[in-house]
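Q: Residue numbers (my numbering): 4 to 120.
Careful, some of the hints might be misleading.
[Stated by the list, open to error] Calculated cross-link-like contacts (lysine-lysine; reagent style BS3-like; alpha-carbon spacing at most 30 Å):
#1 K43 x K20
#2 K36 x K18
#3 K40 x K51
#4 K43 x K67
#5 K36 x K20
#6 K67 x K86
Just so you know, the hints here were simulated from the structure itself, not pulled from any lab data.
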Amino acid sequence: CRLLVEELDAMEQQKEKLQSDLSSLAQQVEAGKRGLKELKARADAATKLRADAEEAADARAETKHAQRAQRAATLQRVSGTLKEQLHQKLALCSELEAQLAASAPGWPMVAPPEPFG
Numbered sequence: 004c005r006l007l008v009e010e011l012d013a014m015e016q017q018k019e020k021l022q023s024d025l026s027s028l029a030q031q032v033e034a035g036k037r038g039l040k041e042l043k044a045r046a047d048a049a050t051k052l053r054a055d056a057e058e059a060a061d062a063r064a065e066t067k068h069a070q071r072a073q074r075a076a077t078l079q080r081v082s083g084t085l086k087e088q089l090h091q092k093l094a095l096c097s098e099l100e101a102q103l104a105a106s107a108p109g110w111p112m113v114a115p116p117e118p119f120g
């Protein structure tokens, strides 16, 4: 009978050790789950941060492109205005030269410059 009691005690001790091991493993699993949850949250935050950065970079690129297009349009308008003013001044110059030539025979001594085209 004593042999059975000793075996029962040994089994009881083994059961307690197994329960302790199980409890320890359960704690490790919970800690692992928490760590995984934290890593996932950080990965999600990093993914969002990257997406936000890419979106900001795209917006900057679009703004730069729009600004370049606007500058090009402004330069074309200014160039057109200056060209028109130049043609007007050349026409006025030709008119004045014609008036001067009519009032002073033999003028000009040199040929007038060609207008810009």
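Q: Which numbered hints are broken by the structure, listed smallest first?
A: Failing hints, ascending: 1 and 4.
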